[in-house]
Amino acid sequence: MDHAFEFLVRQGDNVLVLGHRLSEWCGQGPVLEEDIALANIALDMIGQTQLWLSYAAEVEGANRTADDLAYLRDAWDFRNVLLVEQPNRDFAVTIMRQFLFDAYHVPYLHALESSKDQRVAEIASKCRKEAIYHLERSSSVIVALGDGTEESHKRMQAALERLWPYTGELFLSDETDDAVAESGLAPVLNDVKARWLQTVQSSLKDAYLQMPDNDFAQIGGKSGIRHSEHLGHMLSTMQVLQRSYPGAQW
Amino acid sequence: MTSTMPNYDSSTPSSGQVWAWLEAVSDPEIPVISVVDLGVVRRVDCNDDGVKIVITPTYSGCPAMATIAHDIETELRRHNLQNITIVTQISPAWTTDWLSDKGKNKLEQYGIAPPQASGRPENCPQCHSSNVQKISQFGSTPCKALWRCNDCLEPFDYFKCI
Numbered sequence: 001m002d003h004a005f006e007f008l009v010r011q012g013d014n015v016l017v018l019g020h021r022l023s024e025w026c027g028q029g030p031v032l033e034e035d036i037a038l039a040n041i042a043l044d045m046i047g048q049t050q051l052w053l054s055y056a057a058e059v060e061g062a063n064r065t066a067d068d069l070a071y072l073r074d075a076w077d078f079r080n081v082l083l084v085e086q087p088n089r090d091f092a093v094t095i096m097r098q099f100l101f102d103a104y105h106v107p108y109l110h111a112l113e114s115s116k117d118q119r120v121a122e123i124a125s126k127c128r129k130e131a132i133y134h135l136e137r138s139s140s141v142i143v144a145l146g147d148g149t150e151e152s153h154k155r156m157q158a159a160l161e162r163l164w165p166y167t168g169e170l171f172l173s174d175e176t177d178d179a180v181a182e183s184g185l186a187p188v189l190n191d192v193k194a195r196w197l198q199t200v201q202s203s204l205k206d207a208y209l210q211m212p213d214n215d216f217a218q219i220g221g222k223s224g225i226r227h228s229e230h231l232g233h234m235l236s237t238m239q240v241l242q243r244s245y246p247g248a249q250w
Numbered sequence: 001m002t003s004t005m006p007n008y009d010s011s012t013p014s015s016g017q018v019w020a021w022l023e024a025v026s027d028p029e030i031p032v033i034s035v036v037d038l039g040v041v042r043r044v045d046c047n048d049d050g051v052k053i054v055i056t057p058t059y060s061g062c063p064a065m066a067t068i069a070h071d072i073e074t075e076l077r078r079h080n081l082q083n084i085t086i087v088t089q090i091s092p093a094w095t096t097d098w099l100s101d102k103g104k105n106k107l108e109q110y111g112i113a114p115p116q117a118s119g120r121p122e123n124c125p126q127c128h129s130s131n132v133q134k135i136s137q138f139g140s141t142p143c144k145a146l147w148r149c150n151d152c153l154e155p156f157d158y159f160k161c162i
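Residue numbers (the working numbering), protein chains in the order written: chain A, 1 to 250; chain B, 1 to 162.
One chain only, chain B, in its complex shape:
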């Protein structure tokens, strides 16, 4: 009988493998995108001593950072990694340019208008009308602003461009 147990190999995983695992860690406040899609994970270093993950905050006061670090560690432990170091770095400062295209699409499907260089959403994520209006420069989290669609009349979050 062959074993169906996963093969817990103690050798160091490749950084590519770790990046793939991190795709499963969602942003705690926007669960539809991963911390990789959000551009919060900046670097993964793997060597014989363990794995080092470098993360960066979206906003300096982002209250989700502690949860993100905790979730990353939990996910990697699930893959039997032991020596995990998570380092927070602020430079270069996070920018919405680091949001992946995949992440932007997922945001829109979830009802959050993705950031635009023009500083305003292109269209309503619900009905896709471009007849939209700003309600407030700030929204439910530091990274979002509040907009409204003048056609379907639904309010929606817009991911601020910084």
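Okay, chain A solo, but in the shape it has when bound:
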């Protein structure tokens, strides 16, 4: 297995899948400002996808492009964590998923800025600026809703409990994680976890939300072994154009 390629595809797929999920809100947001915000974050993430998957395609050297990777792979070849493919459900789940990911994304990208691979460091540096802005917003929204009405609080707590088992996968190292940490390409995941936990604990406290006392983790997304059934449904929409009209160009 080419661990560098695998690592780059994981980075690209995380932001591709989450970016697409957010884009599903476009035109359906609870208020216009939220609609625009979610679409803007989606756009940042699709832009980040382009950076990661282009590099992945170059490293692979198999004549594939970033678009080929995004539109012509099936679910079992995707390497995103399970958290980001979870469906939007209500606004509470959407924004909680975003917060849990942003709180990981910022310190992870920060660590990647010291990657031994210059290109990885450069991409991470560009993406982190955007991720900081995303975290600023998602953390303030979870506080507003957690400390909001009885109904918003109830929904935010339910969203947190629903998504919590999907956060463990972010930090559980597998063979690829160990290999890229060993080669200096990426950080040791456990080091990032401490910073993630700090952000999560502090924001949940401000939001009057109870952090689940359970470290059971659903895994199988970043290895591709066991994606949830939701990913295939999402891809059937995301990839429909290239599947129906192979090679279609904008």
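Hints are computed from structural coordinates only; laboratory data are not their basis.
Predicted, not measured: the structure shown is a model, and the values here were computed from it.
Fair warning: there could be bad hints in the mix.
[To be verified] Here's a subset of chain A near chain B, in silico, CB distances under 8 Å, partners left out:
#, residue
1, N40
2, D44
3, I46
4, G47
5, Q48
6, L51
7, E122
8, S125
9, C127
10, E130
11, Y133
12, L241
For every residue, glycine included, the Cβ atom is placed at its ideal position computed from N, Cα and C.
Starting from the structure of chain A, add chain B where the hints point.
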């Protein structure tokens, strides 16, 4: 009779000349400022082989990048340049610090509050009141947020500081 045709000299222009020409290329989403004022053009290299322009995206998903590259090429072709290469680079990452002072003034005159290190607009670009309030951290393009003036009651765009 003397010719009034412009003198199409095939020799290589100076990079200073090319920078001056690029001042005429506006940002497609904020037409009041040029891609030079926006800090999107990072480098201009001129030599006998042609001209190389290095540009950088404001945000990684900025949909205007393809149009900017196209507009730069069109403008330079208008000046009879032939071998034009446009390269996109992401490092160092674009920052609002690269917006020129001229660009910031033009933004404000156009009704967009320029970025501030404090992370919030100094005043309303319409009535200049400092009694302003955030509506949303995001706005009509990736580089802007939406604010409102509590005195003249007008909403306005604020150029995000990154």
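Hint check results:
For N40/A, the suggested interface contact is upheld, since its CB lies about 4 Å from the closest CB of chain B, less than 8 Å. Proximity of D44/A to chain B holds as hinted, the smallest CB-CB distance being about 5 Å (cut-off 8 Å). Residue-level restraint check for I46/A holds (minimum Cβ-Cβ distance to chain B is 5 Å; threshold 8 Å). Because the closest C-beta pair between G47/A and chain B is about 2 Å apart, less than 8 Å, the hint holds.
This hint holds: Q48/A has a C-beta 5 Å from the nearest C-beta of chain B, less than the 8 Å allowed. Taking 8 Å as the C-beta contact cut-off toward chain B, the hint placing L51/A at the interface holds, the least distance being around 6 Å. Hint on E122/A holds. Least Cβ distance to chain B is approximately 4 Å, under the 8 Å limit. Nearest Cβ of chain B to the Cβ of S125/A: about 5 Å, under the 8 Å cut. The hint holds.
Hint status for C127/A: holds, given a least beta-carbon distance of 7 Å to chain B, under 8 Å. Hint status for E130/A relative to chain B: holds, with the closest Cβ pair at about 6 Å, below 8 Å. For Y133/A, the interface hint holds, since its Cβ comes within 8 Å of a Cβ in chain B; the closest pair sits about 7 Å apart. Because the smallest distance between the Cβ of L241/A and any Cβ of chain B comes to about 18 Å, over 8 Å, the interface hint for this residue is violated.
Checked against the numbered hints listed earlier, the structure breaks hint 12 alone; every other hint is satisfied.
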